[in-house]
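Student: Listed below are the residues making up each chain.
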Amino acid sequence: MITETLKGLFKSGAHGTEISTPDLAKLAPTRDERLFLILSIFIGVISGLLVVCFRVAIEWIKILTLGSAPHGGQYRLLLAPALAGLVVAALVQWFFPGARGSGVNQTKAALYIYNGYISFKTVIGKFITSALAIGAGHSLGPEDPSLQIGAGVASIIARKLGLSRQRLRLFAPIGAAAGLAAAFNAPISAILFVIEEVIGQWSAAVLGSIVLAAISSVVVARRFWGSEPMFRIPTITLRDNRELIAYAVLGVVGGLFAFVFSRSLAYLRPRLHALPRWTQFCQPAIAGLLVGLIGFVGFPQVMGPGYEVIDQAMHGQYTWDILLALAALKLIATTLSFSSGTPGGMFAPTLFIGAMLGAGVGSFEKLFFPHLTGTVGAYALVGMGVLFAGFLRAPLTSVFMVLEMSGNYSIILPVILANTIAYLLSRMLQPVPIFEVLTHQDGLDLPSMEEQREETPLHIEDALQPPSVPVILGADAIASVSAVVNEARASAFLVRLGDGSWYAMTANELTGAAAALSPETPVEQAVKADRVPTLFPDLPLDNALPYFPRWPLLPVLNRANRGKLEGVITLNGILKRYQSV
Amino acid sequence: MAVFELRTPLSAEERAEKRRLILRDSIALMSLFLITAILAVLTYFLFVSFSRHRDVLARRWRTSGEAALNSGHPEESIQDLHAALEYAPGNRDIEIELAMALAAANRNAEATAYFNSLLEAQPGNGLIHLQLARLAAKEGNAALAEEHYQNALDGTWQGDGYVKRRTVRLELAGYLISRKSYEKAQSELRTAAGNAPDVPETQLEIAGLMERAQDPADALEIYRAQMRHRDAPVEAFEGAGRTAYMVGRIAVARESLARAVAHPGFASQDEITRESVRQMLADSIRILDLYPDPNLNVQALAGRIATNAKIARARLTSCFANTNAAEALAELQDQWEQIPVNLTVRMLEQNPQLEQTTMGLVYGTEEQTAQVCGAPTGDDALLLKIAEMPLAVQQQ
Numbered sequence: 001m002i003t004e005t006l007k008g009l010f011k012s013g014a015h016g017t018e019i020s021t022p023d024l025a026k027l028a029p030t031r032d033e034r035l036f037l038i039l040s041i042f043i044g045v046i047s048g049l050l051v052v053c054f055r056v057a058i059e060w061i062k063i064l065t066l067g068s069a070p071h072g073g074q075y076r077l078l079l080a081p082a083l084a085g086l087v088v089a090a091l092v093q094w095f096f097p098g099a100r101g102s103g104v105n106q107t108k109a110a111l112y113i114y115n116g117y118i119s120f121k122t123v124i125g126k127f128i129t130s131a132l133a134i135g136a137g138h139s140l141g142p143e144d145p146s147l148q149i150g151a152g153v154a155s156i157i158a159r160k161l162g163l164s165r166q167r168l169r170l171f172a173p174i175g176a177a178a179g180l181a182a183a184f185n186a187p188i189s190a191i192l193f194v195i196e197e198v199i200g201q202w203s204a205a206v207l208g209s210i211v212l213a214a215i216s217s218v219v220v221a222r223r224f225w226g227s228e229p230m231f232r233i234p235t236i237t238l239r240d241n242r243e244l245i246a247y248a249v250l251g252v253v254g255g256l257f258a259f260v261f262s263r264s265l266a267y268l269r270p271r272l273h274a275l276p277r278w279t280q281f282c283q284p285a286i287a288g289l290l291v292g293l294i295g296f297v298g299f300p301q302v303m304g305p306g307y308e309v310i311d312q313a314m315h316g317q318y319t320w321d322i323l324l325a326l327a328a329l330k331l332i333a334t335t336l337s338f339s340s341g342t343p344g345g346m347f348a349p350t351l352f353i354g355a356m357l358g359a360g361v362g363s364f365e366k367l368f369f370p371h372l373t374g375t376v377g378a379y380a381l382v383g384m385g386v387l388f389a390g391f392l393r394a395p396l397t398s399v400f401m402v403l404e405m406s407g408n409y410s411i412i413l414p415v416i417l418a419n420t421i422a423y424l425l426s427r428m429l430q431p432v433p434i435f436e437v438l439t440h441q442d443g444l445d446l447p448s449m450e451e452q453r454e455e456t457p458l459h460i461e462d463a464l465q466p467p468s469v470p471v472i473l474g475a476d477a478i479a480s481v482s483a484v485v486n487e488a489r490a491s492a493f494l495v496r497l498g499d500g501s502w503y504a505m506t507a508n509e510l511t512g513a514a515a516a517l518s519p520e521t522p523v524e525q526a527v528k529a530d531r532v533p534t535l536f537p538d539l540p541l542d543n544a545l546p547y548f549p550r551w552p553l554l555p556v557l558n559r560a561n562r563g564k565l566e567g568v569i570t571l572n573g574i575l576k577r578y579q580s581v
Numbered sequence: 001m002a003v004f005e006l007r008t009p010l011s012a013e014e015r016a017e018k019r020r021l022i023l024r025d026s027i028a029l030m031s032l033f034l035i036t037a038i039l040a041v042l043t044y045f046l047f048v049s050f051s052r053h054r055d056v057l058a059r060r061w062r063t064s065g066e067a068a069l070n071s072g073h074p075e076e077s078i079q080d081l082h083a084a085l086e087y088a089p090g091n092r093d094i095e096i097e098l099a100m101a102l103a104a105a106n107r108n109a110e111a112t113a114y115f116n117s118l119l120e121a122q123p124g125n126g127l128i129h130l131q132l133a134r135l136a137a138k139e140g141n142a143a144l145a146e147e148h149y150q151n152a153l154d155g156t157w158q159g160d161g162y163v164k165r166r167t168v169r170l171e172l173a174g175y176l177i178s179r180k181s182y183e184k185a186q187s188e189l190r191t192a193a194g195n196a197p198d199v200p201e202t203q204l205e206i207a208g209l210m211e212r213a214q215d216p217a218d219a220l221e222i223y224r225a226q227m228r229h230r231d232a233p234v235e236a237f238e239g240a241g242r243t244a245y246m247v248g249r250i251a252v253a254r255e256s257l258a259r260a261v262a263h264p265g266f267a268s269q270d271e272i273t274r275e276s277v278r279q280m281l282a283d284s285i286r287i288l289d290l291y292p293d294p295n296l297n298v299q300a301l302a303g304r305i306a307t308n309a310k311i312a313r314a315r316l317t318s319c320f321a322n323t324n325a326a327e328a329l330a331e332l333q334d335q336w337e338q339i340p341v342n343l344t345v346r347m348l349e350q351n352p353q354l355e356q357t358t359m360g361l362v363y364g365t366e367e368q369t370a371q372v373c374g375a376p377t378g379d380d381a382l383l384l385k386i387a388e389m390p391l392a393v394q395q396q
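From first to last, the protein sequence lines stand for chains S and F. Heads up: the first sequence begins at 1 in the numbering used here, then just goes up one per residue. Heads up: the second sequence begins at 1 in the numbering used here, then just goes up one per residue.
Source of the hints: derived by calculation from the structure; they are not laboratory data. Each hint should be verified, as a subset may be incorrect.
Claimed, not checked - Facing chain S, according to a computed beta carbon distance under 7 Å, are these residues of chain F, among others: (1) Thr36; (2) Val41; (3) Thr43; (4) Phe45; (5) Val48; (6) Ala58; (7) Ala109; (8) Leu119; (9) Thr357.
Beta carbons: idealized from backbone N, C-alpha and C, even for Gly.
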């Protein structure tokens, strides 16, 4: 409704006229740039409000369907997720096909395939179907949908304002960061996640807007939920360095769980997807029934996102055996819910499993080595980061998420240790990250963020050659220059001009100048008006490529002393360097 | 808002187009602002309604949980309090109640874990330490239990900390008594008695614990102090009589027990207690009848000694006949042979040395036969009682 209103208003504002990009470039060359920042704030605020509504909707639906105090043995635990599954499946199949699957991948698809386009219908569909599924007890989280809702809001606003295609594409990650930040109540983690998993690289062009949007959305969310983190963070200390062994164990356990989780999804999801289409109407219902069964037999904690259970685990309210059982059951429940195509995210389940594992390891250690351990909450918190690093494969976000949530940097050592172990172990066991596995299953070929992050771009120094061509001063006479060039049999040479600039001259150019000018004429009078670009060894190698149609070779100078020539680069040398990667 | 710079040389048509663009963007931004404002208002009302509902649910489940806990249904209480916490996360009182419910349901490991985590947030909370002490006691970890009890005594308490600390100290004393750590218990009870107000219920509770901690002398002092109060409760008289009897102060015991029996509240005591008090009173009277009180006249004293000697000799003969411990009693037998068999009152009147020797032999006989032939009954038991502390019998 809101977006329809927006659409109507924008139409009336535009008077039904469309302005082409070249027109815009002439009429208002800085329009996009300025709107970009203003709209980032609007996107943040609207995303924040929608995410608050989304979470409230989930809670209301939970109370209405599962009751205000769900516990084992209640038949509604079986019925609610199954019936919700039926409704959600019908909605997804008939009305909102774009709501199916992971919000992260759909946002990436919008960014890389559809020029930042996310339809209003998808946003509405994601909101309704996810709220219904998660509220009714499917083992999924609200963060992925929030991310997609934010991205969708950004896409709609950018489209309605008629921004350029390039800007339009950048808006999706901005909205994604805003949605995720509001859902997580952790802006830095959201920003880092979007950079790590959606954009894949740091981009100054979009970073400012992402930060603005994320902060705006978190300010809005905190106005409602308060500034406290999503979980009450207990006292966190590293009492004894020997505790690091336990954190390392947690890293190993987390890495193994991440592998099992990834493999389960990678195995079950395509098989369910390959079943006849009519089964997709009942798959979420069957998944819901099975998840409900887990709740019915005494583990209702695995139903829904499970934030309160994470909170309880963090405060030592479960014994280690129950914690490990909850981690295993949540893994099964989430695999069922997600594989069945029920809309919802995997962030909360990942955090849930991680927290249970962490608290389990912490409780176990507390039981057997009572004088060695810190708080169980510290282990639970590190456990969340561990699975985030191992399963979602976002190592940087996983570290900052824990630090941001705890507000305590004294835990950084255990976090880095455990996360690194989990990340490396998971990578070794499952080379393809889960988001990539899911995109491949969906028949898409999106860029691998993990690969992008680890790409080492070539620099000019990588293709730098010693200056084998003659280097001439601009004041030298054409005759003497010709003699030097002929003697060197060079097809081109460098001229250092009186003003400190450089010129790359070809032998043919010199021959032409010699024919037209007297032999005593300084060579700098024979050069054309343009100059070679100033290049330094640390610049990206592809920066040099556009200059080669004009110049036969390019000098590379020293940053501290521009008069000093470090070497030259040629097109041939650059191509050879790229071919050797 | 001027979003664009109006400086480029444009044609008249382009300038008109640019003005339209500015107008369009301005309207769009205004619309966006309006939509944001409407959405914010809607979200606010939705959230407020939701928050109120959560508060209602939290209260409802807490009340239900407390009721279940008080009515002895801890499992039900756990579910309810868990639900209450879901709608009021971080509510410390509910958390403590939940942990108590876990403990009441004998889910000790969970309760301990829960209390430990609460303790991390509030390291000096006396109530949490007390609960952990109870759990440790239940688990048989005496050292940890005592440590938590001590921390509870030193910890902070909501409300009247003075009263709560005394209650904890008495609970600690009770625990120490159950562990047979009587000296530690006596120490705690003396501290409690020193700090406790002069209120009969409190003083009687402390005195009762002192009795259990094998400190009847201090208990007697408290009971006697309470007896001096106007409208002193019958328990004070009974306790004084009982403890005085235990420490051998039979005269005090007789007086206290007699007053207890005469107390209006005595009739409301249960039958077993009444019978016990009556029996103890009868024994006290009999002991005083047997006791060779030095204040008696010579004839009465000699008469009592003669009676006691007769009783003790019969006890020795009986014990000698019924056991194979002849060797253990042989020396005693030899000593009795020094005493004339037909010992008369006159003989004793005339020979104070014989009186003293006879009474010494009476006490020795009762003590040794008790060891060899088991606990005596009847007058022998009463003589043994005198033998334990002969000088205390008439002590006031």
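Student: So, for every hint listed, does it hold in this structure?
Tutor: Against the structure, the hints:
For the restraint placing threonine 36 of chain F at the interface with chain S, the shortest Cβ-Cβ distance is roughly 5 Å, inside the 7 Å limit, so the hint holds. Because the smallest distance between the Cβ of valine 41 of chain F and any Cβ of chain S comes to about 10 Å, over 7 Å, the interface hint for this residue is violated. With 7 Å as the threshold, the beta carbon of threonine 43 of chain F comes within range of chain S, its nearest partner Cβ sitting at about 5 Å, so the hint holds. With a cut of 7 Å, the hint placing phenylalanine 45 of chain F at the interface with chain S is violated, because the nearest CB-to-CB distance is about 11 Å.
Because the smallest distance between the Cβ of valine 48 of chain F and any Cβ of chain S comes to about 9 Å, over 7 Å, the interface hint for this residue is violated. Interface hint at alanine 58 of chain F: violated, since its Cβ lies 10 Å from the closest Cβ of chain S, which is beyond the 7 Å cut-off. Taking 7 Å as the C-beta contact cut-off toward chain S, the hint placing alanine 109 of chain F at the interface holds, the least distance being around 5 Å. A least Cβ separation of about 10 Å between leucine 119 of chain F and chain S goes past the 7 Å threshold, and the interface hint is therefore violated.
Here the hint on threonine 357 of chain F is broken, as its CB sits about 65 Å from the closest CB of chain S, past 7 Å.
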